[in-house]
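Since the structure of chain A is already known, use the hints to place chains B and C on it.
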Amino acid sequence: MEIITSILAGILFATAIYNILQKQFLRIIIGTTLLTHGAHIFIFTSGRLKTGQPPVLTEGVSDYTDPLPQALILTSIVISFGVTSLLLVLAYRTSEENNTDNMEELRGNEHE
Amino acid sequence: MSNLAVLPILIPLIAAITLVFFNGNVTVSRVLTRLFSLVSLGAALYIAWHAMENGTIILETGDWAAPYGIILVVDRLAALLIVTTNLVAAACAFYAPHAGLGKKEYYYFYPFFFFLITGVSGAFITGDIFNLFVFFEVLLMASYALIVLGGDKVQLRESIKYLLINLFSSMLFVTCIAFLYAVVGTLNMAHIAERVQEVDQQGILTTVGILFFFVFATKAALFPLYYWLPHSYIQPNPVISALFGALLTKVGIYSILRVFSLIFVHRLDITHELFIWIAILSMIFGVIGALSTNNIKLIIAYNIIPAIGFIIMGIGVFNQDALSGSVYYLVHDMIIKAALFLIVGAIAYVAGTSDLRKMGGLIHYYPALGWLLFIAAFVLAGIPPFSGFIGKLQLLQGAFGDGEIILAITALITSLLILYSIMKIFIRGFWGEKDETAGFGTKSVKGMIAPIAFLLALSVLLGVGAEFFYPIVASVAQSLLDPQIYIDSVLKE
Amino acid sequence: MIFAVLVPLLIACFIPLLSKMKHRIHTGIFVFFVPLAIFLYFVRYIGENFTPVRETVNWIPSMGINFDFYLDGLSLLFVLLISGIGALVVLYSIYYLDKQERLGQFYVYLLMFMTAMLGVVLSDNVFVLYTFWELTSISSFLLIGYWHFKERSRYGALKSMMITIFGGLSMLGGFVLLTVVTGTTSIQGMIDQTDTILNSSYLPLILILVLLGAFTKSAQFPFHIWLPDAMEAPTPVSAYLHSATMVKAGIFLVARFSPIFSTYEWFFIIVSLVGILTLCWASYMAVRQTDLKAILAFSTISQLGMIMAMLGFGTQAAVFAAVFHILSHATFKGSLFMIAGIIDHETGTRDIRKLGGLMTLMPISATLALFGTFSMAGVPLPFLNGFYSKELFFGSTLGLDGNILSQAIPYLAVLGSIFTFVYSMYFFFGVFTGPKKLDQLPKKPHEAPIGMHLSPIILVLGVIVIGIWPNLLNGSFLYHAASAVNPATTYYEVSFWHGFTYPPLLMSLAVVAVGTALYLTRRKWETVYGVLPGRLSLNKAYDGLMKRFDTYSDSLTNYYMTGSLKNYMAIILGATFLVTAGVMLYTGGFTISFDNLAEVTIIEVAIILAMIIAAVATIFINHNLAAVLVAGIVGYGVAMLFVIYRAPDLALTQFVVETITVALFLLCFYHLPKLRKRKESARSKWKNASIAISFGAMMTLIGISTHSSRWFDSISEYFLETSYKLGGGDNVVNVILVDMRGLDTLFEIAVLGIAALAIFSLIKWKKNKGEAD
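Chains as they are written, first to last, in the working numbering: chain A, 1 to 112; chain B, 1001 to 1493; chain C, 2001 to 2773.
Mixed in with the good hints there might be a few duds.
[To be verified] BS3-like mimics (lysine-lysine), calculated; alpha carbons at most 27 Å apart, straight line: (1) B:K1434 / C:K2020; (2) C:K2566 / A:K23; (3) B:K1103 / C:K2766; (4) C:K2099 / B:K1434; (5) B:K1358 / C:K2547; (6) C:K2020 / C:K2150; (7) C:K2566 / B:K1153; (8) A:K23 / C:K2685; (9) C:K2150 / C:K2354; (10) C:K2764 / B:K1103; (11) B:K1446 / C:K2020; (12) A:K23 / C:K2437; (13) B:K1358 / B:K1434; (14) C:K2566 / C:K2725; (15) C:K2725 / B:K1492; (16) C:K2099 / C:K2020; (17) C:K2437 / C:K2524; (18) C:K2547 / B:K1424; (19) B:K1153 / C:K2540; (20) C:K2150 / C:K2540; (21) A:K23 / B:K1153; (22) C:K2766 / A:K23; (23) B:K1358 / B:K1424; (24) B:K1153 / C:K2764; (25) B:K1358 / C:K2150; (26) C:K2540 / B:K1424; (27) C:K2150 / B:K1424; (28) C:K2150 / B:K1434.
These aren't lab readings, by the way, just hints derived from the structure by calculation.
So that you can see chain A by itself, here it is in the shape it has in the complex (with noise of 0.2 Å):
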């Protein structure tokens, strides 16, 4: 099964990096996001992925997933939403001030 979460996040890694390679600010920012699930399946997959009981102590149970993967990806998790949310927001305002939300539009030619 690791083999298989390896690949899904992989592929993910791959979609997000399609997307990012994009024009649109729209399609940027979904590759992101998408990127993010894919780091966060490898992360799960680092800890073993056993169906064993969740981190949630039981008595007479000693089988249980390991927590601190967990742990990290809610971290993770949160501090991707605060970004992400920011990004949204200055995708926002930066097409509005600049007119396009086309990338390439957006190169600047200040060099000089």
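For chains B and C alone, kept in the frame of chain A given last:
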């Protein structure tokens, strides 16, 4: 075990939160900012003194013993960087009210400022790789907030690129941590290092290490990953540029230094050989970038890249001389980059433009600013007796000593071109006839000079007083070469 | 001794105060006593029984960098030159520079230079020497740019700095290598380890790097081009830095390291060849100049070349001749520069085409110039020190053993000296004889005040005294200097007459004869300058190079700094992929093991397949709203997986966050202008796809490998054990979050807080801006 270790992150955090509540009141905010920056500096100095005297300070947060809880580790390297960070921050705090922030001061500028310091300090002292990621996010989030502050068209445009590239590398960072965790089953850096030492088959670890390197190299702006840096760094106010230039990339290079001296040291022939080539290319391309432009802010922004190249050069060579050179250079560059960004900020402010072609003869109006720039140019280029020289000399000794001739000669040529790129500003901007029609000389640089002079004085002190600093740096280099020192201090408490 | 070196710098700190009262007293009067005192301090060391003196003050002992001052014969020669000529130049400047000038700055730079130069010649520590060396470049830069409102001054200042600092850095490289090889930072210590250095594989590199430093500083071919442009500096500076002292720092360096390198064949070849080439080329070029100071600049270059060549020969005779000539050159060239300054000052021009017949108007200057130029030309008269120099030089060129170069040297020496003779005559007769052209002069010429003549008179007296008593200083002074360069040197007697068949005399006579002929017929052969150098100007090469720095760096940087996020990402991804995948292949990092895998169940596979389809679909769906929703499916899929893998907290959070994110998406993009469809070329699509697929594949492979290399138990076991006992909670994930990794959580909240503030200010700023507009 000492609670002292938490102060470098706690004080700025408290400062940031306090300042959120005083956001509307600029006068109080300014006073509090200066006050907090001095308190934080004082604490940092005390902690550094403590770490030098009594050895590494370890704090097991929440009383969870290493390697299970998050450990804060203030060793000599971290102590040096904390002090430097706070020095730069204090200079920026005193410069900020004069920097023409305008309305930005009402938009949480000061809280963001302290959040940034929190993140940077945290990244320097944490002993846990995932916690490092969290502190990266704190400082990045603060930097996003600062870079978009008061955004106009151009600024927003560059900000979004900055954010996207950093977002990508952050996600890659988290993934790398996952990979590492899968192999070694732990997150504490000392513990990781200890476990990595125990295994024979290192191929996958080296691969993960290289991936880590690319994550940090993106943040540190190394070749060929620095494209996002120059244009985004010059957009915000000079104070913000100074903070970014002095601190952000340095966190990236610090992480490389830490991780590649502690954890991934088993295949020097691959990893560190790669660094040497990246160092060469970063120096060349960075300085070429600096020569390519007439925008004074951009000149300084490009100069970040060869400096990072110098630091990675020492990590690549990886011997006592080279590593102490890297550490010296790291501290030196944090100070001088901040000073230079503040200087060009002041120049652009008084000249009303950052285009060198529209300036001239400024020395007649702003002699102090001109001479500060003049000294800064030599500090940056590593001309003795200033701080850049000591670091560069060590790096050269390390590189020549290891037979890395091409690397050393590239470093020498780069120094010359760095000097040229800055002297261009002095010659074209400050020398020349007094031009009454250009309207220079109407704005005052009062209040800007003192923080700049303070930073430059530090640079001079670091060079002239090298006898005081060098033994510290040398001992840092020694401990970097022997990861066991770090491991023991964390795990064998 | 150390105090003596630092005195000028200390005094310089007080100059700004002194220059406040410059309207009453010229600042130079105070400054004059500084070099004078130093001269008097050091002059007492002159004597038959001189022995080297050493004095050390620690600076950075742990790096081996200390103020380790070592006064031997060679240093003494230079110290006296620096302080002696320094005093005369300051004296001269009092009359030359008007009180209206920025005298404070001028003297600060000059004193800074004095300290720097004294430091260079006294330091035994290579890094301290280097420090002072760069300081001379910096003060020279400031002095050349003193009149920085002139474009030419700025150009000259930058040029001199670029070339000399280039040399300085290269010399630093050489020094570092020397310390790496010998383990010492002391020059005398290195001399003691000559064998180690000569056997080092770095020897050629060391030699080249150190010599580059010397050649750039001493304006040797082809690095001489900065010196003529340095003439934009005020004349006292030209006389002092760019003729008598700073440009001799390179000579000093070669002399200082001679004991190490002299037995190395390439040292002889490079130094002699460069020196003799410089002599010939610069004297040839001097004849062509029209600016008096430019003539003197090229003359200086050629004389430096001559000294350099003699150091290259390295024989006893040659070294003594070099030392003798350093002194001679300082006297006659110093006086000539001052005369050129006087002419400039009194007539308003230095253009030799506008000058002529000044003999009657400026008789004192003419007399002084006569001695100076004839001494420079090496005219065989028993009261000109220049003649002895020239004869010693010729003598040293003869009888060098071996190769073709040694055979050619005497001829080249004569050739160079012929042109030296021509430009000397050209200088003197062009200015002081011939028809007067007073109408072309900006000012009506008359003799300068006697004070201005004081310094050149003293120097010319030196020319004559040494000319009459050539051995006056040999035993007590020059011998010590020469023996510091070549330890085998014995006392050397100079005399005027050696008989008719003495070869150097014949060479001198040939120079005078051919030189006179060439001088008289120079109008006829001047066209050769159109052929050589013609278009092959080194200056143009320098200008072209500097220009190319600008244009090429500009076009190169513009080429890759496209401002396109897509390009940047592609490069970052490409580089990361290539190197990481390469390393994985090279180290055999890929491993796969099927042990200990979790079971594969249908439901999981179904969810995963759905996620894959949704993820791929985001690429192909053109409708934006649909794309957002499809991306949402992936997010919910992740949540489902969390449910299956017993992570209830995660699943819950993921559901909530995903929902809010989708809502935010819709909210933000609801407000945007109608989005246009983006067409993309097939090529670009393939490029993107290949980057994406290869990167994704690499991540998968690394993921599988790490999973197959679980070599350790996770620290989580500990968390499961202690969660309840120590953390007081059953839900281990929660305990980890709030307790064991509480710091993470604290700062995760901080991140969220910053994000909220940032979003708030982004939106509010816009609102306020809208109101302000």
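Cross-check of the supplied hints:
Distance hint between B:K1434 and C:K2020 is fulfilled; the C-alpha atoms sit about 22 Å from each other, no more than 27 Å. Our distance criterion of 27 Å between C-alpha atoms is met by C:K2566 and A:K23, whose separation comes to about 7 Å. With a CA separation close to 12 Å, the supplied pair B:K1103 and C:K2766 stays within the 27 Å bound. Our distance criterion of 27 Å between C-alpha atoms is met by C:K2099 and B:K1434, whose separation comes to about 20 Å.
About 19 Å separates the Cα atoms of B:K1358 and C:K2547, which keeps this hinted pair within 27 Å; it holds. Between C:K2020 and C:K2150 the alpha-carbon distance is near 26 Å, which keeps this suggested pair within the 27 Å criterion. The suggested pairing of C:K2566 with B:K1153 holds, with an alpha-carbon distance near 19 Å, which does not exceed 27 Å. Restraint check for A:K23 and C:K2685: the C-alpha separation of about 12 Å stays at or below 27 Å, so the hint holds.
Taking the CA atoms of C:K2150 and C:K2354, the gap is about 22 Å. The hint holds against a cut of 27 Å. Distance restraint check for C:K2764 and B:K1103: the Cα-Cα separation of roughly 12 Å lies within the 27 Å cut-off, and the hinted pair is therefore satisfied. Our distance criterion of 27 Å between C-alpha atoms is met by B:K1446 and C:K2020, whose separation comes to about 24 Å. About 75 Å separates the Cα atoms of A:K23 and C:K2437, which puts this hinted pair outside 27 Å; it is violated.
Of the supplied pair hints, the one linking B:K1358 and B:K1434 holds, its CA atoms being roughly 13 Å apart against a limit of 27 Å. Using a Cα cut-off of 27 Å, the hinted pair C:K2566 and C:K2725 is violated, with the two alpha carbons roughly 52 Å apart. Using a Cα cut-off of 27 Å, the hinted pair C:K2725 and B:K1492 holds, with the two alpha carbons roughly 23 Å apart. For a cut-off of 27 Å, the pair hint linking C:K2099 to C:K2020 stands: about 11 Å separates their Cα positions.
With a CA separation close to 23 Å, the supplied pair C:K2437 and C:K2524 stays within the 27 Å bound. Between C:K2547 and B:K1424 the alpha-carbon distance is near 13 Å, which keeps this suggested pair within the 27 Å criterion. Under the criterion of a C-alpha separation no larger than 27 Å, the hint pairing B:K1153 with C:K2540 is inconsistent with the structure, at around 43 Å. Of the pairs offered as hints, the one joining C:K2150 and C:K2540 holds, with about 20 Å between alpha carbons and a cut-off of 27 Å not exceeded.
Under the criterion of a C-alpha separation no larger than 27 Å, the hint pairing A:K23 with B:K1153 is consistent with the structure, at around 18 Å. About 25 Å separates the Cα atoms of C:K2766 and A:K23, which keeps this hinted pair within 27 Å; it holds. Distance check on the hinted pair: B:K1358 and B:K1424 sit about 13 Å apart at the alpha-carbon level, within 27 Å; holds. With a CA separation close to 16 Å, the supplied pair B:K1153 and C:K2764 stays within the 27 Å bound.
Between B:K1358 and C:K2150, the direct Cα distance comes to roughly 17 Å. Compliance with the 27 Å bound is thereby established for this hinted pair. At most 27 Å may separate the alpha-carbon atoms for a hinted pair to count; C:K2540 and B:K1424 meet this at roughly 20 Å. Between C:K2150 and B:K1424 the CA atoms are separated by roughly 16 Å; this keeps the pair inside 27 Å, and the hint holds. A C-alpha spacing of about 11 Å is found between C:K2150 and B:K1434, which places the hinted pair at or below 27 Å, so the restraint holds.
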